[in-house]
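Chemist: Build the full structure now, drawing on both the sequences and the hints.
Position one of the sequence shown corresponds to residue 87 (the working numbering), numbered consecutively onward.
Everything labelled a hint here was simulated from the structure, so no lab data went into it.
Any given hint could turn out to be false.
[Unchecked claim] Cut-off 27 angstroms, straight-line C-alpha distance, at most; resulting in silico cross-link-like pairs (DSS-like, lysine-lysine): (1) K162 with K275; (2) K141 with K275; (3) K162 with K145; (4) K116 with K130; (5) K140 with K120; (6) K275 with K213; (7) K140 with K275; (8) K280 with K174; (9) K145 with K280; (10) K198 with K174; (11) K198 with K181; (12) K153 with K213; (13) K213 with K145; (14) K120 with K198; (15) K120 with K145; (16) K140 with K130; (17) K280 with K141; (18) K198 with K275; (19) K198 with K130; (20) K162 with K198; (21) K174 with K140; (22) K280 with K213; (23) K264 with K116; (24) K181 with K264; (25) K140 with K116; (26) K153 with K120; (27) K130 with K213; (28) K280 with K120; (29) K153 with K130; (30) K153 with K181; (31) K120 with K213; (32) K120 with K181; (33) K120 with K275; (34) K116 with K174; (35) K145 with K275; (36) K264 with K275.
[Claimed, not checked] Per label pair, the in silico range of CB-to-CB distance: (37) E260 with I166: 25 to 33 angstroms; (38) T90 with I157: 58 to 66 angstroms; (39) K130 with L187: 24 to 32 angstroms.
If you're wondering where the values come from, they're calculated on a predicted model, not measured in any experiment.
Note that the Cβ used here is the ideal one computed from N, Cα and C, for glycine as well.
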Amino acid sequence: MTLTMKELLQYTITLICILLPSTAFSQVVKQGEKFSEVPLVEGKVTFLKEIPSKKEISKESNYAILKEWAIINYGKDPFISSVRHDEKNNEFIAKSRVELLLPANSKGVREKMIMRYRINGFLFQDKCVLEITEISYLYENSKNNTLLPRVIRAEDFITDTAIGTQDNIQEYRENTRKSTLYFLNEIAKDFEDKFGF
Numbered sequence: 087m088t089l090t091m092k093e094l095l096q097y098t099i100t101l102i103c104i105l106l107p108s109t110a111f112s113q114v115v116k117q118g119e120k121f122s123e124v125p126l127v128e129g130k131v132t133f134l135k136e137i138p139s140k141k142e143i144s145k146e147s148n149y150a151i152l153k154e155w156a157i158i159n160y161g162k163d164p165f166i167s168s169v170r171h172d173e174k175n176n177e178f179i180a181k182s183r184v185e186l187l188l189p190a191n192s193k194g195v196r197e198k199m200i201m202r203y204r205i206n207g208f209l210f211q212d213k214c215v216l217e218i219t220e221i222s223y224l225y226e227n228s229k230n231n232t233l234l235p236r237v238i239r240a241e242d243f244i245t246d247t248a249i250g251t252q253d254n255i256q257e258y259r260e261n262t263r264k265s266t267l268y269f270l271n272e273i274a275k276d277f278e279d280k281f282g283f
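Modeler: Take a look at the structure:
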């Protein structure tokens, strides 16, 4: 049996359409799970947390819970974070920053990094989703240490590829990654707690 070029092309396109959705959403962390890897989605570090919305209440009530969570966590101090709500699409978008205290390095010193990030929360079908992206780091000791640039993108610093780079800042990368995952898991746990999980 031989396939014509047209049949082969149709077969290939069908196969891609079947496999693409399963790989595009393979980085989603479900209820009760923790972030343990640094996923890249379209070349950007993007963390996705997905929990079921409350089935016994309306979509509007679920959004009210989501909105309240966003206000509590991102709407109190305008010097640290800002939050915008989109009632029509049942979502919020917040930009924030946090000081990460890194694990002790080989010299016993605990460095600090400021992490900036964007967090979106939205309702999708019967799920409530958090998306954390646009992560960058501000190294506080850059005046005393010229090894690191002042601002560092997560894509260049905490991904598997970056961690695999053998150089004199590898320990900074590993410790920043550990602290980032710890912080994001704390956010995810608080998010689940708000929805009663």
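Chemist: Evaluate each hint against the coordinates.
Modeler: Structure-based check of each hint:
Of the pairs offered as hints, the one joining K162 and K275 holds, with about 20 angstroms between alpha carbons and a cut-off of 27 angstroms not exceeded. Note on K141 and K275: the hinted pairing holds, with a Cα-Cα distance of about 20 angstroms set against a maximum of 27 angstroms. Proposed proximity of K162 and K145 is supported: the alpha carbons are some 25 angstroms apart, at most 27 angstroms. The straight-line distance between the Cα atoms of K116 and K130 is roughly 20 angstroms, inside the 27 angstroms bound, and the hint therefore holds.
Restraint check for K140 and K120: satisfied, since their Cα atoms lie roughly 21 angstroms apart, inside the 27 angstroms limit. Only pairs whose Cα atoms come within 27 angstroms are accepted, and K275 paired with K213 is accepted, the gap being roughly 16 angstroms. A C-alpha spacing of about 16 angstroms is found between K140 and K275, which places the hinted pair at or below 27 angstroms, so the restraint holds. For the proposed pair K280 and K174, the alpha carbon gap of about 22 angstroms is at most 27 angstroms, so the pair holds.
For a cut-off of 27 angstroms, the pair hint linking K145 to K280 stands: about 16 angstroms separates their Cα positions. Between the alpha carbons of K198 and K174 the distance comes to roughly 39 angstroms, so the proposed pair goes past 27 angstroms and is violated. Proposed proximity of K198 and K181 is supported: the alpha carbons are some 20 angstroms apart, at most 27 angstroms. This hinted pair checks out: K153 and K213 have alpha carbons roughly 15 angstroms apart, not beyond 27 angstroms.
Between K213 and K145, the direct Cα distance comes to roughly 10 angstroms. Compliance with the 27 angstroms bound is thereby established for this hinted pair. Restraint check for K120 and K198: the C-alpha separation of about 23 angstroms stays at or below 27 angstroms, so the hint holds. Taking the CA atoms of K120 and K145, the gap is about 26 angstroms. The hint holds against a cut of 27 angstroms. Of the pairs offered as hints, the one joining K140 and K130 is violated, with about 30 angstroms between alpha carbons and a cut-off of 27 angstroms exceeded.
Restraint check: the Cα-Cα separation between K280 and K141 comes to about 15 angstroms, which is no more than 27 angstroms; the hinted pair holds. A C-alpha spacing of about 23 angstroms is found between K198 and K275, which places the hinted pair at or below 27 angstroms, so the restraint holds. For the given pair, K198 sits about 23 angstroms from K130 by alpha-carbon distance, which is consistent with the 27 angstroms threshold. With a C-alpha separation of about 23 angstroms, the suggested pair K162 and K198 falls inside the 27 angstroms cut-off, and the hint holds.
At most 27 angstroms may separate the alpha-carbon atoms for a hinted pair to count; K174 and K140 meet this at roughly 19 angstroms. Taking the CA atoms of K280 and K213, the gap is about 14 angstroms. The hint holds against a cut of 27 angstroms. For the hint linking K264 to K116, the alpha-carbon distance of about 20 angstroms falls within 27 angstroms, and the restraint holds. Straight-line distance between C-alpha atoms of K181 and K264 comes to about 21 angstroms, which keeps the hinted pair within the 27 angstroms bound.
For a cut-off of 27 angstroms, the pair hint linking K140 to K116 stands: about 15 angstroms separates their Cα positions. Only pairs whose Cα atoms come within 27 angstroms are accepted, and K153 paired with K120 is accepted, the gap being roughly 23 angstroms. For the suggested pair K130 and K213, the alpha carbons sit about 23 angstroms apart, so the restraint of at most 27 angstroms is met. Distance hint between K280 and K120 is fulfilled; the C-alpha atoms sit about 16 angstroms from each other, no more than 27 angstroms.
At most 27 angstroms may separate the alpha-carbon atoms for a hinted pair to count; K153 and K130 meet this at roughly 26 angstroms. Annotation: proposed proximity of K153 to K181 holds, straight-line Cα distance about 15 angstroms (limit 27 angstroms). Taking the CA atoms of K120 and K213, the gap is near 17 angstroms; set against the 27 angstroms cutoff, the hint holds. A distance of roughly 22 angstroms separates the Cα atoms of K120 and K181; the hinted pair therefore holds under the 27 angstroms criterion.
Between K120 and K275 the alpha-carbon distance is near 9 angstroms, which keeps this suggested pair within the 27 angstroms criterion. Of the pairs offered as hints, the one joining K116 and K174 holds, with about 25 angstroms between alpha carbons and a cut-off of 27 angstroms not exceeded. Between K145 and K275 the CA atoms are separated by roughly 22 angstroms; this keeps the pair inside 27 angstroms, and the hint holds. At most 27 angstroms may separate the alpha-carbon atoms for a hinted pair to count; K264 and K275 meet this at roughly 17 angstroms.
The beta-carbon spacing between E260 and I166, approximately 26 angstroms, falls within the hinted interval of 25 to 33 angstroms. Hint check: T90 to I157, Cβ distance near 60 angstroms, so the stated range 58 to 66 angstroms holds. Between K130 and L187, the C-beta spacing of about 25 angstroms keeps the proposed range 24 to 32 angstroms intact.
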